[in-house]
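Undergrad: One letter stands for each residue in the lines below.
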Amino acid sequence: MTGILQVVRRYLRVPVAKADREVGDAVHLEIAFHVSERARDLMDQGMPPEKAYEAALDRFGDISRVTDECRAESLLSLIVLHRFHLVMTAALACAVVCLGLLFLGSARHSQSIRGIPPGIASMLDNDWTGGVSGQVVDDLGQPISGANVLVVVKTWPDQSYFQRAYATVTNSQGGFNLENVHPENERYAVQIAVVTANRTIQSSYKSVAKGAWDPVTLRLPPSSGFTLRVENSKGVPIANAQIIPQQRIDSQGNTHFVYFDSAQSIIHRTDARGTVELPYFQAGDSVTVLLLNASGEWEPCSVYAPASGHTASIRVESNEVNLSKET
Amino acid sequence: MTKPERAALLQGTLDMLILKSLQNGPQHGYQITRWLDSTSRSALAVEEGSLYPALHRMERKGWISSKWGRSDSNRRAKFYELTGTGRARLSVEVDAWQTLCSAIALVLQANSQEKTA
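Protein sequences, first through last, are from chains A and B.
The first sequence: position 86 = 86 (this note's numbering), numbered continuously.
The second sequence: position 23 = 23 (this note's numbering), numbered continuously.
Hints are supplied without guarantee of correctness; some may be wrong.
[Stated by the list, open to error] Distance windows between CB atoms, simulated: (1) B:75 x A:45: 17 to 25 Å; (2) A:43 x B:102: 39 to 47 Å; (3) B:34 x A:2: 31 to 39 Å; (4) A:21 x B:100: 40 to 48 Å; (5) A:94 x B:74: 22 to 30 Å; (6) B:34 x A:94: 48 to 56 Å; (7) A:3 x B:74: 43 to 51 Å; (8) B:102 x A:76: 30 to 38 Å.
[Claimed, not checked] One-sided and incomplete, this derived list gives chain B residues near chain A with beta-carbon spacing under 8 Å: (9) 26; (10) 30; (11) 47; (12) 50; (13) 56; (14) 57; (15) 60; (16) 77; (17) 79; (18) 88; (19) 89.
[Stated by the list, open to error] Going by beta-carbon spacing under 7 Å, a handful of chain A positions derived as facing chain B: (20) 33; (21) 59; (22) 61; (23) 265.
No wet-lab data here; the hints were simulated from the structure.
Glycine included, every Cβ here is placed at the ideal spot set by N, Cα and C.
Based on the sequences and whatever the hints tell you, model everything.
TA: Pasting the structure below:
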């Protein structure tokens, strides 16, 4: 450390001593040449050598003063050049440090989003500050709190496709708000599904060319609900089978859909009798549920929702249902 | 026969004279001294030593540049040469000097007219 400081100190010091010696030598040489040339001229005019040199020195004036003045002038320019050199070196060092920091920042950023396709990475790198908000109300316009709001946001960064799922619940005013989930300066689409007990599943799909999100209101009429029974081909109930309510098509033909990506929070399990309550449908709805099969895949199964208090059944092969342990 | 008295240089005129002496090409210090002496017919009293600080100062200002070479007597000598900046500076100095001389001449003429009037 001390050695480095000494090197830096030596570098910053104006090289006066060395320069002074070199400049002094040069000035002496110049003056000696002048005096000898003058003496030679005087000798050519017939003056004896000794007298000629004396006369030449006399005409030249104070050699020490002239030497000092010449040296001072030359060193002044050297000092200015040295200062300029130091300033340029410092500026170069600063530029190198700044570039290094920029590169480091860029490398860290790249590292943080490693694994993401380039188009999406550049998208994430840009403006990703748009939100999704809205309100969930009942058929009378009263807010519904604690409802599951399942949101899927789709974007198309750099000709590629990017989809992310979010889940939240409504507050006491029936409101929900997800922040920083899409870019406002690009096209995006938002699928929202609301699932809550004793209300029919409602969903909304909205595509936005560019700009901020306009809050939506989802109105949930009451549901009649029904019981779903899962059994094997011999009619034996299957307990602990996993089910996701995925879709309902109402009597008017309107489809309400829950994206699988966002549905992890609404997985249901059959009880010991192989039944599960699905209070999200109206009698007569065409219902699709996803059932986790033995190979770990979610398989769609469709039934019509019966009247309230009645049971609909799904019959599957006994060894094709994934009976994972309940947690 | 008495030798004519040598005129002391006015403050600031040495630079102009040195620049003028280099107008026709590179010269070393002693050549400049001899040129000034012969051209002024030994009328200007230039202390030879005062030439060198002036040369170094003008070199720092960029009016002249220098390099080491060989003199007529085959000795190492430092030759000075006019730069573009120096050429422009010479022009400015000459103009200023001529303006000054004209003004002084006018003043001197005015004084003599008043006396005769």
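Undergrad: So, for every hint listed, does it hold in this structure?
TA: Hint check:
no. : hint                     : result
1   : B:75 x A:45: 17 to 25 Å  : holds, 20 Å
2   : A:43 x B:102: 39 to 47 Å : holds, 44 Å
3   : B:34 x A:2: 31 to 39 Å   : violated, 57 Å
4   : A:21 x B:100: 40 to 48 Å : holds, 42 Å
5   : A:94 x B:74: 22 to 30 Å  : violated, 52 Å
6   : B:34 x A:94: 48 to 56 Å  : holds, 53 Å
7   : A:3 x B:74: 43 to 51 Å   : holds, 49 Å
8   : B:102 x A:76: 30 to 38 Å : holds, 36 Å
9   : 26                       : violated, 14 Å
10  : 30                       : holds, 4 Å
11  : 47                       : holds, 5 Å
12  : 50                       : holds, 7 Å
13  : 56                       : holds, 4 Å
14  : 57                       : holds, 5 Å
15  : 60                       : holds, 4 Å
16  : 77                       : holds, 5 Å
17  : 79                       : violated, 11 Å
18  : 88                       : violated, 20 Å
19  : 89                       : violated, 17 Å
20  : 33                       : holds, 5 Å
21  : 59                       : holds, 5 Å
22  : 61                       : holds, 3 Å
23  : 265                      : violated, 79 Å
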